[in-house]
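Number of protein chains: 2
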Amino acid sequence: MADQDTAPANDDGLDTATEPVAAEAKVVFTPSGKRGAFAAGTTVLEAARALGVDLDSVCGGRGICGRCQCKLSEGDFSKFGVKSKTDHLSGVNAVEERYKSKRGMKDGRRLGCQSKLLGDVVIDVPEESQVHKQVVRKRAEVRNIEIDPAVRLYYVEVAEPDMHHPSGDLERVMTALNEQWDITGLERADLPVLQSLQKALREGEWKITVAVRWDKKIVHIWPGFHDKAFGAAVDIGSTTMSVHLTDLQNGEVVASVGAMNPQIRFGEDLMSRVSYVMMNPGGDQEMTQVVRETLGYLLSQAGLEASVDVTDILEIVLVGNPIMHHLMLGIDPTELGWAPFALATNQPVRIRASELGLEGKTNPGARAYFLPCVAGHVGADAAAVVLSEGPQYRDEMTLVVDVGTNAEIVYGNKERLLACSSPTGPALEGAQISSGQRAAPGAIERVRIDKETLEPRFRVIGGDLWSDNEAFPETVKRTGVTGICGSGIIEVMAELYLAGVITRDGIIDGSLAAKTDRIVPEGRTFSYVLHRGEPEIRVTQADVRAIQLAKAALYAGAQLLIDKIGKPPERVVLAGAFGSHIDTKYAMILGLIPDCPLDMVASVGNAAGTGARIALLNVKSRDEIREVITRIEKIETAVEPRFQEHFVDAMAIPNKTAPFPNLRKEVELPEPKQATDGDGGDDSRRRRRRRAQ
Amino acid sequence: MADQDTAPANDDGLDTATEPVAAEAKVVFTPSGKRGAFAAGTTVLEAARALGVDLDSVCGGRGICGRCQCKLSEGDFSKFGVKSKTDHLSGVNAVEERYKSKRGMKDGRRLGCQSKLLGDVVIDVPEESQVHKQVVRKRAEVRNIEIDPAVRLYYVEVAEPDMHHPSGDLERVMTALNEQWDITGLERADLPVLQSLQKALREGEWKITVAVRWDKKIVHIWPGFHDKAFGAAVDIGSTTMSVHLTDLQNGEVVASVGAMNPQIRFGEDLMSRVSYVMMNPGGDQEMTQVVRETLGYLLSQAGLEASVDVTDILEIVLVGNPIMHHLMLGIDPTELGWAPFALATNQPVRIRASELGLEGKTNPGARAYFLPCVAGHVGADAAAVVLSEGPQYRDEMTLVVDVGTNAEIVYGNKERLLACSSPTGPALEGAQISSGQRAAPGAIERVRIDKETLEPRFRVIGGDLWSDNEAFPETVKRTGVTGICGSGIIEVMAELYLAGVITRDGIIDGSLAAKTDRIVPEGRTFSYVLHRGEPEIRVTQADVRAIQLAKAALYAGAQLLIDKIGKPPERVVLAGAFGSHIDTKYAMILGLIPDCPLDMVASVGNAAGTGARIALLNVKSRDEIREVITRIEKIETAVEPRFQEHFVDAMAIPNKTAPFPNLRKEVELPEPKQATDGDGGDDSRRRRRRRAQ
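So the sequences go chain by chain: A and B.
Numbering of the first sequence is given in our numbering, commencing with residue 1 and proceeding in unit increments.
Numbering of the second sequence is given in our numbering, commencing with residue 694 and proceeding in unit increments.
This is chain A alone, in the form it adopts within the complex (with noise of 0.2 Å):
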């Protein structure tokens, strides 16, 4: 095994085939620019290391793991005083033609380790032979995340032992990091490592892989070559739980995987999980070890899809709201059920992911990383939003909205920070809205209603024609039309109002039922059918009030963060896995949002993950989003008079109180209009069922 793995070492006089042009040789680096003059002779990593470029190597020159990979440029480069040719490096030797065969490498490339300057050469380092390679985002306006995890792998060639000179050997280990990788502030090794360290050794015969945290703890080592190293970002929401396996050394998501939060059973909203502690005393501990166990079988399954050796995990970061961090880590939340909404710690949590009872699903050396919390209602996923978002680097007023059962809000830009939270409750994820169904196959997406009919068309998730071309009913054969999802009831609601069906207040016009046949009577109010089918799906009085309650709430916090600054928003972020189909003019047409140029507004889907993710590929974001918590402003809504002022004019579509000059530039809202039937004393009775929950 170790042998497969192993070349011979580099040799140390040059090529026989081919004979120096010169004593010395200029080389530069592109796209670095960085240049100097060598030896003949020296090797291409060499030169890349004594100029400081950045040239990846994890076995450290011996050909073995080919990340020194480069690609002599060819030409007459008269900005650089230099003529390169091929034949300016050695041809392939042993070394490199055996990795050849065996890996494979891109025409024209070579491996640097093993290419030695003959002459003057211009050498490209290919992005994905850089160290420091960057990992491009989808969106071009958010900047890119450089690659320096916690964890990193070096491969070394250890000293035996020699019984006149006795040491032990992981002091041999150190040693060879030290000499080969010039790592010196090490400071120990993990348990298990000491456990399995001299069968590694002995198996690879002296080479080793060792995994290296913050270049100060080993934390696994390997027999042989090795060069897979994984970690996994975790976002605990209250309804959903996802994990993003990733590549530490490329920042490729290998495996995305979600799952219901098993908590849900004690509670559909925070609060009601809260006082589920309260009322069952050992509660906390039974919701801890659900979403433990729901996070281990999240791992084990993202390593089965990615064909991901549990071994191979070497880190953990997690984001979640105050609540879910105090329970993933057993903590009793209890605290933050009540003012003063006190955290058990506003810091980083940095543990080993065995204390999260993730024994078997990581690498016994994994360790886990809890973003901090902002304050007691605002959690790490809204730091992580932060992280993503970045609106601390902004000129432009920005507002970062992160929807879920739960909405954390960020206002503000470089010059200052707020933050709250705001109780939406989970109607925005299509819970408790009769139709309402998670984003998958089959569920309606968008909806368009004809102003004068009154009759609808929708397109379903995995369909790409609307209801009313005739092919429709084929392309929906496999799936069915089975529901609404969060992006469809936002649809659905918003052209419900401009047709005039739902009035400014919320109330299906019942009036209209004498026009259509589609608005039918559901014991005293009305709700207005969408797809006559199995099952049949109607938008009933109670789910338009639900989103209402669900959007008034969202709508307050973000205004009551805006009054603070006393600057409209320049620039709205809606965030969430709600957030990443929606149609972000409908939203704000609904007054979900506040008002805002629309070509500002952005739908960026889960931007906690997101900002997990950056936290686990790059650490120096971790101090970063550290430092930017201390200077948000943190607002309690509960104790802000405002807050339920504001909560009552955003009942109304889109808002009672606000004009949205910029929405009605391009869109025409309906005038108010009293509706001839329907029950506004329902919007008292469900306001009452709320507070209850």
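In short, the hints are calculated from the structure, not lab data.
Ideal Cβ positions, reconstructed from N, Cα and C, are used throughout, including at glycine.
Incorrect hints may appear among the rest.
Said to hold, decoys possible - Partial selection, computed: residues in chain B whose CB lies under 8 Å from chain A:
1) Pro859
2) Leu887
3) Leu1022
4) Asn1039
Said to hold, decoys possible - Here are some chain B residues pointing at chain A (derived, C-beta under 7 Å):
5) Leu863
6) Gln888
7) Gly1030
8) Ala1032
9) Glu1329
For this one, chain A is given, so just place chain B on it according to the hints.
Chain B alone, transformed into the frame defined by chain A:
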């Protein structure tokens, strides 16, 4: 609960009962001699701190802990220019009265934190009020230990949370530690601390006691005031294990408990245990499990004995030979079974106690520290013996021998130190001896044999009378005479040799059977009947051989080191549980130790355990021994050709070639004679058996 231990805060103003004599007061502290002048009204504790006087306090001057007790010395101290009078301190206030009535104080004692300077005084700080109090050792020649443990307790009053300035409970604890105790570098808290923190703060009404490790990590928190902190010094011998539960605040051993090492059932000596692992895959894990279980049991027993709560055990320091070291840590010891005897590590191992399977046996935040092994065949027990006996500080050539199933031998002085180990087997601990037993009441420990009549007299442990005293039967009525302990065996063999019963070659002289019925045939050899009764206690030829083999191995190892240095020992220290009762003269007569002036031979008992206790109580000693170890030259007896030669010579009593001039000055040794009977062939038969073990 918290209320009981919490006192009202210190008054800010002066006591009304007493008026200051002057605006400024001179204070002289004894024994340090530190002095200064302070504004009247300054407390004695404040003055002590300002002057850097070593005056303890756990509660931070709140009159709760009573650690700052001191005493005013009345009189005219002309050398200080101070007239010290009782009324130059403020009177006993309510806080001090309360402490006095609850806890009691010696006459004349005052609480330094409550006593204010009103005029010039001389204040004596008794030893128990010093932070860096020294543990007085029994023997004057060994330096004292300054108490400076890794874990310290701090009582703090923590700010309550404020919703408008949200911060974590932990962060407010850290602020309190910083402000009230000047602890700045705090890095984090263990997860169990986070889990219990919020409850403890509220239960203690924002007053808690914090256990801080290295002033960096919070490892435990108690509500209210708490002043108990213990550590365990653990010595894992091949045959026996011992735990010394020690008060980390005053260095006192509160309980010492011991047990047989349960690994004995896998093999009596070290090599047979390694063989067991080689023959039985997974055998190392079995042995790890049983030794950890026994350690857990001993910790529980020690806690019960001293009424120490499990959560008050905050640290464990372990020592043992390399194989015990590996097996306790869960490291396969196979590599220690063959050349080059590679240790997994030769650095100290710092882990959590829970990683040794000690959950529930110590505080969840307890750490374990295993002293470093010196080499693959010289263990952490030898390191501990060096720490305890300090040959590295001495001018005279010192031989330190730690007798156990494996003897660890250190030789040298402050210029140069050598170490080796030698496989003595368990005979010197009373095992493999026909009537051998552990040192316990009823065991024969002292023996004299009349050179004329060959009649013995002896004393047993627990009795003051010799067996020829007519009251002797009465004194042993309760215990009986049950066997011979290690020191008894040494004495009886040496006395038999002096009386001519045992020849220089170790043969029980059968010809003397004609002279006394104490000498009886047993197969082809003879035995000496030491005690007639139930059980009958004999010294058999096999017993003599077992002791010869053991002492020869020990002597040969020592001689090897003496050869290397080229100078004879000027001082001999005999350590080991065995060594604590031994009469060093008899040890030398037998040739267990090399010749040396008899008054320079000391028997010091369990020096390895003492070394462990030093490392437990004084963290600097850990760095010290670590550094000393790097300087020790390690000698591997197995590959030293002269070892076998020395061994053969040392089989004779006291030795075939060494003249023992110092011994001969004090004791008349018999002239060599040949036994007229007995079986010399026995020797080689035993040797074969020994090798087969």
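Results for each hint:
no., hint, verdict
1, Pro859, "4 Å, holds"
2, Leu887, "5 Å, holds"
3, Leu1022, "7 Å, holds"
4, Asn1039, "4 Å, holds"
5, Leu863, "4 Å, holds"
6, Gln888, "5 Å, holds"
7, Gly1030, "12 Å, violated"
8, Ala1032, "6 Å, holds"
9, Glu1329, "6 Å, holds"
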